[in-house]
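Going line by line, the protein sequences match chains A and B.
With numbering that gives the first Met the number 0 applied, the first sequence covers 0 to 685.
With numbering that gives the first Met the number 0 applied, the second sequence covers 0 to 685.
These aren't lab readings, by the way, just hints derived from the structure by calculation.
One thing to keep in mind: the hints can contain errors.
No copy labels: a pair is met if it fits in one copy or bridges any two.
[Said to hold, decoys possible] In the SDA-like style, the derived pairs of lysine to any residue whose C-alpha atoms are separated by at most 20 Å in a straight line are:
#: 1; residue 1: Lys639; residue 2: Ser192
#: 2; residue 1: Lys330; residue 2: Pro608
#: 3; residue 1: Lys570; residue 2: Ser77
#: 4; residue 1: Lys570; residue 2: Phe140
#: 5; residue 1: Lys265; residue 2: Glu73
2 protein chains.
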Amino acid sequence: MIVSALLTSVGINTALCVLFLTLYSVLRKQPSNYEVYLPRLLVEGISKRRSHFNLERLIPSPGWVAKAWNLSEEELYSLAGLDGLVFMRIITFSVKIFTFAGILMVLTLPIAPWMCSLYQMLWVHFCAVYVVTGFICFLLFYEYKHISSRRISYFYSSKPQPHQFTVLVNSIPASSGSISDSVDSFFKELYPSSYLSHVVVRRTNKIQSLLNDANNMYKRVAQLRPDPTKRKIRHGALSRLFGKRSNHIERYEKKLEEIEENLRLKQSEASLAGEARAAFVFFRTRFAAEATFHLQQSVNPTQWITELAPEPRDVYWPFFSESFIRRWISKLVVVLVSIVFTILFLVPVVFVQGLTNLSQLKALLPFLTSLLTIKFVSQIITGYLPSLILQLFLLLVPPAMEFLSTIQGYISHSDIERSATTKVLWFTIWNVFFATAFSGSILSMMSTILDPKVIPGTLAVVVPAQASFFITYVVTSGWTSVSSELFRIIPYILNLITRLFTTPDDEFELPYMPYHKDIPRVLFFGLLGITYFFQAPLILPFVLAYFCLAYVIYRNQFMNVYVPRYETAGKFWPTVHNSMIFSLVLMQIIAVGIFALKKLSMASTMTLPLPVLTLLFNEYCRKRFLPIFVGYSAESLIKKDREDLNDPTMAEFYNNLINAYKDPALVPVQYSSNTDSLSSPLISSA
Amino acid sequence: MIVSALLTSVGINTALCVLFLTLYSVLRKQPSNYEVYLPRLLVEGISKRRSHFNLERLIPSPGWVAKAWNLSEEELYSLAGLDGLVFMRIITFSVKIFTFAGILMVLTLPIAPWMCSLYQMLWVHFCAVYVVTGFICFLLFYEYKHISSRRISYFYSSKPQPHQFTVLVNSIPASSGSISDSVDSFFKELYPSSYLSHVVVRRTNKIQSLLNDANNMYKRVAQLRPDPTKRKIRHGALSRLFGKRSNHIERYEKKLEEIEENLRLKQSEASLAGEARAAFVFFRTRFAAEATFHLQQSVNPTQWITELAPEPRDVYWPFFSESFIRRWISKLVVVLVSIVFTILFLVPVVFVQGLTNLSQLKALLPFLTSLLTIKFVSQIITGYLPSLILQLFLLLVPPAMEFLSTIQGYISHSDIERSATTKVLWFTIWNVFFATAFSGSILSMMSTILDPKVIPGTLAVVVPAQASFFITYVVTSGWTSVSSELFRIIPYILNLITRLFTTPDDEFELPYMPYHKDIPRVLFFGLLGITYFFQAPLILPFVLAYFCLAYVIYRNQFMNVYVPRYETAGKFWPTVHNSMIFSLVLMQIIAVGIFALKKLSMASTMTLPLPVLTLLFNEYCRKRFLPIFVGYSAESLIKKDREDLNDPTMAEFYNNLINAYKDPALVPVQYSSNTDSLSSPLISSA
């Protein structure tokens, strides 16, 4: 390992982090940036836009760090929901295990001098592998238990919520009458006492796209329309661009009116016809809804398929695959595409990177020739460009995976994100961890995977060789990613641009935490820490620093930036648990390989039971905790239902239930006549 | 292939079969053999023991074949239940596919002469693989659908049965009060309207063994006690053995009295204390029972675990593992032991076979030396003994696997047998099919399995090489096994022996069909037929002959011999379906290998989608049909429950429900005073 290179990298990145943090502490105080850095407080009215200038705004201050640090778990829970809490617990969990591993490795240092032999050092490592595995499993069990109990107490303390009383029924068989009638007769027949009502889902894909058009058009009109309350100085420089403003307004307003009319027509059409073969079915009790979900309803198991309804705000309306066979096939196709995408992702990347050699560049961009002849510039470009291209491609992965999950047939944003989280995680492990270890050779990766016998041996050779790369990776990619998360570069730039072209507006969309992007990243650094802790203990301080940074920064973001988009009540934890188990088993397999490679076959054999025990532990956890994350127990459901019996507000709740699940595409719109009331369609379509 | 050897084998085995069938047709007419060959008719009183002799009894007659042949499906259903029907459908299914494959292969024969090239012949085989796969999948779908609909109509036409209203609750948490109280309060609290009652399971292992002792003792006493109604002539030769009969009787009777007293004491003890942490819980409706089964009851998923109760006659009383963790561990251990037993079974067999060389034999049994020097004798012994040893070891497998399934924690005979069926099937495939193909080298089998890339290539080399062996195997092992099934050699010999030593008795145990022994065997011949149909089409007539024989013989046995021990309503079919899918995929993988080996890489590549499609088909079937075999749908359950509402006998049914699940070990016994009433404990403990 080249210590100087590592030190340089650490130095540069520490400086960058400090710079980012300092800049942030200044920028967040500027009122024009409140939309980027304090949107939550802005919406809640805590931070008012103060236009008057004062000097204090330009001095960096660490107050926000203390605030984020002092946030209690209960405060965090009320701000970010159970999902935010689960996310933060991934970080505290990682801090705990890497502190423990770090202390363990430091304690073995004094032993090292008087057992210089590699042989004895390996036995120390052997013990460390066992002790750390035990500690992680113990913590995993404790965490799973804690989050399970939080989930249950969340349910117990929850007010009656529409999704608790609702199931979504899919694959309703075609009949002579309307879908609505057949749903009604089916459930009235089966559950006369507990069935309440239903809402048939309607096909609104076309309306959705019309609505988007209308919204965009409306935004344009609103910007062009002269607004006497707003200052016009800022637009001075740009005003010549809008010379023919009044003409534009007229044309756009006409167009908007057309779209609006078309929209209303389509909406009324869809309300009358356009029934999809799916419906939300409401019950009087939570128990009835849960029982309907668990039991096969129809004699034919591929009809009347039930699933627990998501929260109304969480429903993913645009895509309702209705028939069993279509959903099954789309799921198969998406899984296949995801696997192929994951495995072959590096092929086009390597191809594009190949295009960036000097001669190719000169041919493509002749005007750069003179610049490229300077040695320093050409070195920077050819050295940095491939890595930049890889980073750009990697940026596309979370949205790509989210898109794939979308067409897989999930019915809620939360399910889509959870599925995308798993996909992105596997993608990262394959394309960063294994691709680096195998130096990007997909063929040798595949042939190793397909030949289980050689896996430990091969991994023991290739993984330790990349230790210095991954230590640097933690410092560069890890520290940078988390401080840019704080800095929110892309939203900041977008905000700058929109402020140039539009008038500032109190209406803006609150950002949601992109779990499918952040959870895989955090978990991946956990995987790096676990797999390298005994091969290269030097990684531990850097990983720990990453998680400490992440601890402060994400808490700050939950407090100031992100609002919960949904509440899965901790359903992300099983993914985290599985990822940790995978990291553990991977580490153990590498340990088996390394001990065998170093001719310590005794230790190698004695490590073999460890992955088996870890998998058994995982299996036990699956049985002990996983059912809690699938549905609620009869005991809890019935207890909650009993509480409602004496609640006088339940009658009203039942009445409102039917209106809870309304497709936003079918909400009546009104743009042209009254412009001030448009905020609702804009936000509801978000 | 040595045609003469095959012809010899076919000749000998045909002769043997004819001999067996002829002998059977004579022996079944002898009244003393009714217990062996016609026990069903005997119990139903259709065949009375006729002691008078007539000549017709000695003349073989084929009437039974016609009777078995003409049995309609509905008659078979009423005789053998849905399980018997499923068993016969495996055979008719196999007959259909091998007839189709046979016709297909015969049709390609005329093409063969004018496309003598191997190349073109391989393309014909390629098409055959596709066509036969399609045909089998079509039939599999049709069969699954048929058996599903029979299962549903069985449920619709069934009278109210105790197990439909009952769930078995396991892992009841320990509390301060009795288990019975906590069951009562738990279910009364949750389901006040549908909960009916419960019966706590009691620990009766000790009583069970005492009961066995008492039964054995009673049998001995009953045999020794002078019985004036029975003829004594037959015992003349043996009477001196029982010289001190009266002494014996006194001693035994005293002992029996002691055991009986002890037994009653233990029974009353168990009735008071000795509660296991499991209970049968009864509900008012089938729907409530099924919902209780599907929903997680307690907040802790490892407590109050529910499963659908088996039929009362089907309950396996002796072994009730109660706690979740103990059941889980015993399951894991049993699965591990089964795998190790399956993989390493051949090691001791080969070792024992190694002991049977001439010098070892001479050393062990010196008195045989003179005999062993005769060349003919020594050849027979050394050639035949290893195969005999293998056969003897193989006989042990079904009971061994049944025993393993027993301690796995299943609660019913049917579950035990279904699990044993799967175990025996895998055992047979591994230890007969693969062991033969790899010439018994476990190491090369394991290394092939662990290296997926080489599987098709290796199988393509080793499997076709054993074609002649497996054709002979179908003739020798297949034909013999099915005709010995008819002949019932072991029960026949046992009957002969017991008749020598005891007085004939109208009390005897009706035999149950050993599904876990016969289903794997039938399926294995299916696997042989499917894997070899295109490599060695010569196997088809022999396999067909086997299935035709099996068709007649098993129908005869269902009619005359076996009584159903339980009714799973077709739950064996998914195992059959999976086995067929496995056979198909195995055949396709071998085809891929063979085409590659014969330098027909185009056909090899084009065969690759076939296993994928087959597995997708299987996945679809799992979704479409498997849920039907796990539980019943809400629709059917509620329909049946509605029917009961107007049934006046339901009140009585509910009253009797609590008595339906009584541990036979707790039924009061009475031997000593009244000897004629003992039949009931004897049969109930069977």
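Results for each hint:
With identical chains, the CA atoms of lysine 639 and serine 192 are at most 20 Å apart both within one copy (18 Å) and between copies (17 Å). Taking the shortest alpha-carbon separations for lysine 330 and proline 608, only the inter-copy value of 19 Å comes in at or below 20 Å, while the best intra-copy value is 36 Å. With identical chains, the CA atoms of lysine 570 and serine 77 are at most 20 Å apart within one copy only, with a shortest distance of 17 Å there and 50 Å across copies. In this assembly of identical chains, the alpha carbons of lysine 570 and phenylalanine 140 lie at most 20 Å apart only when taken from the same copy (16 Å versus 37 Å across copies).
In this homomeric assembly, lysine 265 and glutamate 73 never come within 20 Å of each other (Cα to Cα): the closest approach is 46 Å inside a single copy and 57 Å across copies.
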